[in-house]
Amino acid sequence: MSKSIFSVTGLKQTLVSGYGEGLTDKQKKALSFALEPGISDSQNAGGAVTEDIDTVYGGADADNAAPLSLKTTTSLCISTGLGNHVSLADGVLGQVKRIIHLTSTGPNLVITPTNFAAGTNITSDLQKRSVTLLYDGDNWQVIAGEITGTAEFVIA
Amino acid sequence: VAVLTTGYGTGLTNKQKLSRAWVLKPTVYSTETVAAGNGSGSPVALSTTTTVSIVTTATNQSHVSLADGVEGQLKVIIHKTRSNSVDLVITPANFGAGSTLTSNLGARAVQLLFDGANWQVVAGEITGTAEMVIA
Chain V
1 MSKSIFSVTG
11 LKQTLVSGYG
21 EGLTDKQKKA
31 LSFALEPGIS
41 DSQNAGGAVT
51 EDIDTVYGGA
61 DADNAAPLSL
71 KTTTSLCIST
81 GLGNHVSLAD
91 GVLGQVKRII
101 HLTSTGPNLV
111 ITPTNFAAGT
121 NITSDLQKRS
131 VTLLYDGDNW
141 QVIAGEITGT
151 AEFVIA
Chain C
1001 VAVLTTGYGT
1011 GLTNKQKLSR
1021 AWVLKPTVYS
1031 TETVAAGNGS
1041 GSPVALSTTT
1051 TVSIVTTATN
1061 QSHVSLADGV
1071 EGQLKVIIHK
1081 TRSNSVDLVI
1091 TPANFGAGST
1101 LTSNLGARAV
1111 QLLFDGANWQ
1121 VVAGEITGTA
1131 EMVIA
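The listed protein sequences derive, respectively, from chains V and C.
Just so we're aligned: the first sequence equals residues 1 to 156 in the working numbering.
Just so we're aligned: the second sequence equals residues 1001 to 1135 in the working numbering.
Keep in mind the hints are simulated off the structure, nothing from the lab.
Predicted model only: the values in this text are computed from it and were never measured.
Don't be surprised by glycine CBs; every beta carbon is placed ideally from N, CA and C.
Some clues are possibly wrong.
Per label pair, the in silico range of CB-to-CB distance [unchecked claim]:
(1) V:15 <-> C:1083: 40 to 46 Å
(2) C:1074 <-> V:67: 27 to 33 Å
(3) C:1073 <-> V:17: 31 to 37 Å
(4) C:1058 <-> V:20: 35 to 41 Å
(5) C:1073 <-> V:24: 35 to 41 Å
Throw the hints in and build the complete structure from the sequences for me.
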């Protein structure tokens, strides 16, 4: 059993234990109310849409891709003539990442995950489109978004 | 059960809940890993208390089932690995669009939401034809 302490810095108290700093996601869930409607962290409690959104301008090429944040669920991506490449590092098991191609003023947006189950990268050739990925512990999996135009799950 | 009732209605408002809630940043779903069962007569039941089921198929491992959820419940099913060319067959107890869902390739996913009576598909490529058309 680890020993928990509170460290005090000014008026801020931070829980520190053998498991790290702060509460784990499971501990947070035990204390939380389910939000109605479902609101991800792309919006703050007041409903503003600027505080926690990750807005990213694409990098010039694959070697200079702009990394998407792993600390926010939704990233708004902008591709321009100056850059159109973004990258996505591995997440944690079960992590959801929603990527919106918000604006395009030039070339297609190219998203390159470090580990991607379905291929190597995802390209969007039109703004105002999105894709949602989930990290399965090994790779990012596509869980929403029109990808290939061919049937993947067939209803019978 | 004590129920809070005020002039604003019954229970807490969303803003009141938000003031008490820990918003997970980023969103992280609970997961389970499942090897499918042997045929339609022996499907492996997917958890209805875990949001994401990561499913593998192989010889004699092809079928899973999904019991009813609670209204508004989201279920994400990922067909992670398809070994020996074995398709994944998902049979919800009650399914709005048909009887089963079949995936014939790994690294694919579908999302369902329980509407109180049936599981409805809310995300995932299903038929290869346009389902919602933007104009």
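Index of numbered hints that the structure contradicts, given in increasing order: Per hint list: single violation, 5.
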